[in-house]
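S.K.: For the sequence shown, my numbering assigns the number 1338 to the initial residue and increments by one for each residue that follows.
Simulated from the structure, these hints should not be mistaken for laboratory data. Here the structure is a predicted model, which is why all the values come from computation and not from measurement. Be careful, since some hints might not be right.
Said to hold, decoys possible - Only pairs whose alpha carbons sit at most 25 angstroms apart, straight line, appear in this in silico BS3-like list of lysine-lysine:
hint, residue 1, residue 2
1, 1590, 1577
2, 1537, 1508
3, 1555, 1407
4, 1414, 1537
5, 1590, 1555
6, 1407, 1577
7, 1594, 1373
8, 1541, 1555
9, 1555, 1567
10, 1430, 1444
11, 1555, 1371
12, 1444, 1391
13, 1479, 1508
14, 1479, 1555
15, 1537, 1407
16, 1446, 1479
17, 1564, 1590
18, 1471, 1446
19, 1373, 1577
20, 1428, 1477
21, 1466, 1505
22, 1577, 1412
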Amino acid sequence: MKKFKLFTTILVAAFVFILSACGTSKTSGGEESKDKTLRVVTDAAYAPFEYQDKGEVVGFDIDFINAVAKQAGYKVKVEHVGWDPLFVEIKGKTADIGISSITINDKRKQTYDFSVPYFLSTNKIMIPKDSPIKSAEDLKDKVVAVQNGTTGQEAVEKLLGAENKNLKKFKDNNLAIMELKGGGADAVVADNTVIEEYVKNNPKENFVIIEDEAAFDKEFYGLLFPKGSKLKADFDKAIKEVMENGEYAKIYKKWFKVDPDLTEVKTQQK
């Protein structure tokens, strides 16, 4: 009997200790505290924003999320999971944040929460230098490669129709570009910075970029959160702070070699 009482006392004490320890990793709102390393998921196939270099995920977005997390007082670990799995993980709350050049739009807002915008982008057209294509209108009788599930795909679907056989959808933007290089497509439509970077780094391939402001809307990237995430407020504040303290400009210039113009991005943050 004494042994049983002693065992019970030890068991209760251990249980209280465990609960106490668990309490140190939770906030009053039930969210994980800043002591916990947040799991950040990405699709590392979108240079220069996120890509893999010798097994390490690097890029503008990676430097950016590390700077913002540090400013907010959190630790993060970035993992490459792919484009579609990224959204599945955030929706299922198996990851805390998604970052992968993700455009903020009303359709996605129905399922996810977004941070304030941190980057301005637009879709552009990548073609061979000798192509007759001069605008988005010229794509209507051409084969166009896009990354599946992106705003580039949505933009081309508006031009060609969602079921048009000339619209080729790929798992990532690199495969879409490979299709163009191999002659299986006449053009690629994707975020301007990505295809501009590719053309700049591969001058011997003789590709050029076409801009058509009338056909493609301006887009803003944001961090992706599960619906109702309490992390959003901290990261919104931190994003604005890194833009004000010069850290954002430092990262931007590292990757794009020019100073950022944040006028429109800051307007969208209000």
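S.K.: The structure should be examined with respect to each hint, and the outcome stated for every one.
M.R.: Hints, verified against the model:
no.: 1; hint: 1590 x 1577; in the structure: holds, 18 angstroms
no.: 2; hint: 1537 x 1508; in the structure: holds, 23 angstroms
no.: 3; hint: 1555 x 1407; in the structure: violated, 29 angstroms
no.: 4; hint: 1414 x 1537; in the structure: violated, 30 angstroms
no.: 5; hint: 1590 x 1555; in the structure: holds, 21 angstroms
no.: 6; hint: 1407 x 1577; in the structure: holds, 13 angstroms
no.: 7; hint: 1594 x 1373; in the structure: violated, 34 angstroms
no.: 8; hint: 1541 x 1555; in the structure: violated, 30 angstroms
no.: 9; hint: 1555 x 1567; in the structure: violated, 28 angstroms
no.: 10; hint: 1430 x 1444; in the structure: holds, 19 angstroms
no.: 11; hint: 1555 x 1371; in the structure: violated, 34 angstroms
no.: 12; hint: 1444 x 1391; in the structure: violated, 36 angstroms
no.: 13; hint: 1479 x 1508; in the structure: holds, 20 angstroms
no.: 14; hint: 1479 x 1555; in the structure: holds, 24 angstroms
no.: 15; hint: 1537 x 1407; in the structure: violated, 32 angstroms
no.: 16; hint: 1446 x 1479; in the structure: violated, 32 angstroms
no.: 17; hint: 1564 x 1590; in the structure: violated, 33 angstroms
no.: 18; hint: 1471 x 1446; in the structure: violated, 34 angstroms
no.: 19; hint: 1373 x 1577; in the structure: holds, 23 angstroms
no.: 20; hint: 1428 x 1477; in the structure: violated, 35 angstroms
no.: 21; hint: 1466 x 1505; in the structure: holds, 21 angstroms
no.: 22; hint: 1577 x 1412; in the structure: holds, 18 angstroms
Going through the hint list in order, the structure does not satisfy hints 3, 4, 7, 8, 9, 11, 12, 15, 16, 17, 18 and 20.
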